[in-house]
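> Counting in our numbering, the final residue of the sequence shown is number 288, and the numbers go up one at a time with none missing.
Please note that a few of the clues may not be correct.
Restricting the straight-line Cα-Cα distance to at most 35 angstroms, the calculated cross-link-like pairs of lysine-lysine (DSBU-like) are [said to hold, decoys possible]:
id, residue 1, residue 2
1, Lys-243, Lys-146
2, Lys-17, Lys-30
3, Lys-4, Lys-59
4, Lys-186, Lys-4
5, Lys-4, Lys-109
6, Lys-59, Lys-178
Hints in this document: simulated from the structure, not taken from any laboratory.
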Amino acid sequence: VRNKDQRSKDYGDMELKYRPSHADATYDAKYGLRAVAGGGRSSARETIARCAAGAVAKKMLSCYSDTEVLGYVRKVQEIEAADVDVESFTLEEVESNMIRCPDAGVAEKMIARVDQIRRRGDSVGGVVEVVARNVPSGLGAPVFDKLEAELAKACMSLPAAKGFEVGSGFGGTLLTGKEHNDEFYKDEDGRTRTRTNRSGGIQGGVSNGESVVVRVAFKPTSTIGQEQRTVTRAGEEVTLRAKGRHDPCVLPRAVPMVEAMVALVLADALLQHHAQCRLFPGGGEEPG
């Protein structure tokens, strides 16, 4: 994909100076070179391929089990959309505002906060939540390839990702076993279901048929318009004030990225389940 809207001149001052908390210094240490102009491996521009592949994965999941993967911005700093129902919010609600939060009232507060930070030449982070509805049970594996482990690796490979949770996440540590356990029941179709979903749709590394719910924390953008202390490639201590166009908040752009990675992992797990358990009819003879 050709980028026809690049402004390489904006990065001139960064050719010699390392941006604090950016990949500049580590890539230089490992490879002896780096992409200064913002289009390298540390740029979120690389996620265009992930989103394209994720679109195919979403289609595959939808065709097989009517699985829907949908995300939104749950949190900007301490401003949180805590009342969003993960089972019912819609794409239309998410796309109704620029911050991609389905709670209109909270979205206004988020947008105001990001604009406030932008005016200071600074940046801000937060949390993206993604839910996969109608996920078939049985996807994943018991040990090294647990479904949540695969999801964590995929989501943490995204630029600026700093934390991952599934289901109750770290909040679950505040509960007792009795409070946290998802009790089982039989629904009207005779399927085994859970009354709550603190497990986030995964138990023992395998999907249980409930919605898979994950959250990914994203740090504030490291390239900012405020002056910061840093060093040059030669080791000279200097200051740096970034120029050009840099997102004050990556969260709205991160929503489709996390959706894509979740969809890819689920599609991968579905294919592996097919290969291992002969999920589809007409799959040939059972292995010996």
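> For each hint given before, does the structure comply? Return the numbers of the non-compliant ones in rising order.
Failing hints, ascending: 1, 4, 6.
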